[in-house]
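> These protein sequence lines are chains A and B, in that order. Numbering of the first sequence is given in this note's numbering, commencing with residue 1 and proceeding in unit increments. Numbering of the second sequence is given in this note's numbering, commencing with residue 1 and proceeding in unit increments.
Think of the hints as simulated: they come from the structure by calculation, not from any bench. All the given hints hold, so there is nothing to weed out.
If the Cβ cut is set under 7 Å, some of the chain B residues that face chain A in the computed set are: (1) PRO21; (2) ALA22; (3) ALA40; (4) ASP44; (5) LEU56.
Ideal Cβ placement from N, Cα and C applies to all residues, glycine included.
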Amino acid sequence: MPPSSPPSPSRSGLEAAFLENRDKLLHFLRARGAGDSAEDIVQEVWLKISRSSPGPVASPLSYLFRTADLLMIDRFRSARQSGTRERDWTDANADDAGASPEPSAERRLAAAQEAGRVLSLLESLGPRVSAIFRSHRIDGMAQKQIAAAFGISVSTVESDLRIAYRALAQWKERSDEA
Amino acid sequence: MSEDDKIRAEALDWAVRAGDPAFEDWEGFTRWLDENPAHAAAYDRIAASVLDGTELIAAAPANDDGGEAPVPTGAAPRRSARPWIGGALAASLALVAGLWMWQAGSRDLYRIETAPGQVRTVVLDAQTRVDLAGGTAMAFDRKDPRFARLESGQALFTVRHDEARPFRVTVGKDTLVDVGTVFDVRSQSGDLSVAVSEGAVQFNPEAQDLRIAPGEILQRRGRSGDYTLGKIAPEQVGEWRGGRVTFQDTALGAVAADLARATGVDYRVAPGSAERQVSGSLLVAPLRKDPAALGPLLGVEVRAERPDGAEPRWVIGVR
Numbered sequence: 001m002p003p004s005s006p007p008s009p010s011r012s013g014l015e016a017a018f019l020e021n022r023d024k025l026l027h028f029l030r031a032r033g034a035g036d037s038a039e040d041i042v043q044e045v046w047l048k049i050s051r052s053s054p055g056p057v058a059s060p061l062s063y064l065f066r067t068a069d070l071l072m073i074d075r076f077r078s079a080r081q082s083g084t085r086e087r088d089w090t091d092a093n094a095d096d097a098g099a100s101p102e103p104s105a106e107r108r109l110a111a112a113q114e115a116g117r118v119l120s121l122l123e124s125l126g127p128r129v130s131a132i133f134r135s136h137r138i139d140g141m142a143q144k145q146i147a148a149a150f151g152i153s154v155s156t157v158e159s160d161l162r163i164a165y166r167a168l169a170q171w172k173e174r175s176d177e178a
Numbered sequence: 001m002s003e004d005d006k007i008r009a010e011a012l013d014w015a016v017r018a019g020d021p022a023f024e025d026w027e028g029f030t031r032w033l034d035e036n037p038a039h040a041a042a043y044d045r046i047a048a049s050v051l052d053g054t055e056l057i058a059a060a061p062a063n064d065d066g067g068e069a070p071v072p073t074g075a076a077p078r079r080s081a082r083p084w085i086g087g088a089l090a091a092s093l094a095l096v097a098g099l100w101m102w103q104a105g106s107r108d109l110y111r112i113e114t115a116p117g118q119v120r121t122v123v124l125d126a127q128t129r130v131d132l133a134g135g136t137a138m139a140f141d142r143k144d145p146r147f148a149r150l151e152s153g154q155a156l157f158t159v160r161h162d163e164a165r166p167f168r169v170t171v172g173k174d175t176l177v178d179v180g181t182v183f184d185v186r187s188q189s190g191d192l193s194v195a196v197s198e199g200a201v202q203f204n205p206e207a208q209d210l211r212i213a214p215g216e217i218l219q220r221r222g223r224s225g226d227y228t229l230g231k232i233a234p235e236q237v238g239e240w241r242g243g244r245v246t247f248q249d250t251a252l253g254a255v256a257a258d259l260a261r262a263t264g265v266d267y268r269v270a271p272g273s274a275e276r277q278v279s280g281s282l283l284v285a286p287l288r289k290d291p292a293a294l295g296p297l298l299g300v301e302v303r304a305e306r307p308d309g310a311e312p313r314w315v316i317g318v319r
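Chain B extracted, bound-state conformation (with noise of 0.2 Å):
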């Protein structure tokens, strides 16, 4: 074997190796790369050719003759099969993913997300929609329109009800089944919320199997936490899709997280003060146009801080 073709095989193997999600063997591919300089040149050649035939396939829709593909406007997208290398940030995120599907078996899924301050209808049959809130990630499944996924975020479920395939919801290890229903779900670090507006929602009909009935918001502090049942006004859920959103008793750290996904504003929560509880109600566009607005609207302090030349972020804190 000639010293190119050993470089080559010996960069394939760690082509492999180290496009492994599991990979930790830095310091040894590190090594590798010391001993010559034409290790690397080798690597990436076959690094940079398996992304390209990767973002090739994966952009491509399945079953398709090759042709072009139309692209239905305003559906759920098909080209959603995203290389999971294609942004290393993406890595940790897709990990999950992959376990699932390796767990769910036959379950064909699909992403989508939306970024902060943007709103997305995906349209699963004629009567069944889910609206995405702002900074949302979920999974569709391509054989079943019966299921879906929320990773994280919030969205707003309108459901046609069969009673031989009901809709199921899976958020981390919760299941929602539908009893002919709109309602809307919201799980962010482990909170988790399940408000209903129309029909019923079956919470966990395997563990603690509990009704939600309209006008009722099941809510969960943290991923263990107590679970509890309280009273929501059925024009209030879902609301967000409006433009609005409404806290009530709502801890500021979740007021943050719920702002900044609605607006797409970079708002935080000041040191000390997550925990402070407030209520109000407020459309969402006009903060867009000036974050510091929502100082007055919930009687709280907002401090714009400019880190050396980026986007500036706004501090919610307690007056």
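With the rest of the complex left out, here is chain A (with noise of 0.2 Å):
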């Protein structure tokens, strides 16, 4: 069995699982709302995992629907982001979404000025609310293992995690409206 020779074992099942499970990806991404573009997006997520070998996959399906589900919150972000960029057009340089490479100084400074004020929002949240947010969101640590680190419930994991994420979508929607 040559172990380097492609296509290696974890991509054809990745690929198998695919072609099994197309018509679930469709519909879950036609209820995720993606309309008529769901048949695209099908094929945007066959792209990507013909193209990479991401490497052994523990359960295929699930990487499938993640990858459809990440795809559609970038759909969401660029929306919503465009949508905020013509609102406000004090920027006579704005460049096409995402031609720019090289943020300009002021951009980078105003992204760093903005990561502070989240900072300080998560950490308003209680030590314990933003440590758990670090390390399941910024160091990929699953549920399960943090309440072990921590020695918390699973379920008082989850709890905090929604006192982050409530406090980070109303952080959003304030700074839409400003």
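Fit the two chains together into the complex; they arrive one by one in their own frames, and the hints show the way.
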């Protein structure tokens, strides 16, 4: 068995899971609000899994759904961002969506200041909430691992994350209104 | 509770649950979304806000006073704590990394990855540096400059020896400890090789406790294969930094993977040819311009495949 000859077993496992569950993914995407683009996004999921080799995937089905879900979140984010840009069109040099690889110094500074606000917002929720949020979202620890590491129950981890997520949703609403 | 509040609370719950790398209940999630189109919209607002916030603070340097962060050129970058969810495809890798961090307890790891064809140097102190070959993923510790972890790919370590604080490299379950050293480590699909050009490396001090001397190369096929200790010309160790790769009775499968990492060219091995062994020494740069030039150099057949409009793949096979 050649260990390095493509396609790897995990990859073909992922492709097989895709072919088997294509309809479920389509259904999920329509329910997720994709509408007429659902077919296109399913195609995008396929391109993602067939172009990259993600390494061994423990649960191929979950991996496919997660990829589809993240594509939808990304669509929402870029739609929201371009909406915001149209409203406050102050920057005459504003580029087309994502065209500039090097953000200007002002934009970097603004991002740093906004990051500072988010950090203090998280800290204001208490040290445990902010530590759990970081472990989960930035370090990628699963909720079960966090529960074990902090010596608390998974439902406490969930409830701390809900507090952080709610605060972030409100932060975003406020900054969109501003 | 108003209808809107109820939807918002449920969406919050699903965002927390679906955001967990271990989440499996996609069918239940789909059923909830099916109930009302407003559900997807409420979920999007929360999930997108969480990602926005996460990316902002992950990009911000830690322990910063909010001013503009100077970016040291050529040194180990600090903007490494990438949100795991930033790329959908990073999810499974990040899960592994997360598990590792939990096990390591106090480690404060950051990852550095190179794209195929890209070479990068990480400076850990004035006399300790790590050169990452193309297509390599590594983790370092912000709090411990005497530690590195090779997740996949290849790296050349040039390490200042310190009796009191030996430099440790982990590769999967294996540990390497330097004894004053220049050494090269390669890990690909479970295959491992450690080649030493100066000093020595102690391999798995808690298990095999094998000393690898200059001019020696330790190799293992697969995760549980047998170890062999062979000879290598010391000048050949880390020669990839100079843009050269040498194969000695190497299986074509490994050759294709090595060349793909070194050049960024999409080399693959033809079905049935992976085990065929070849030898040869070649410069990497000309292959970037002309991938087919590999054929006469190694005595193999190289064929271009162009799957509808995508970048060509170069399939290496036995003649």
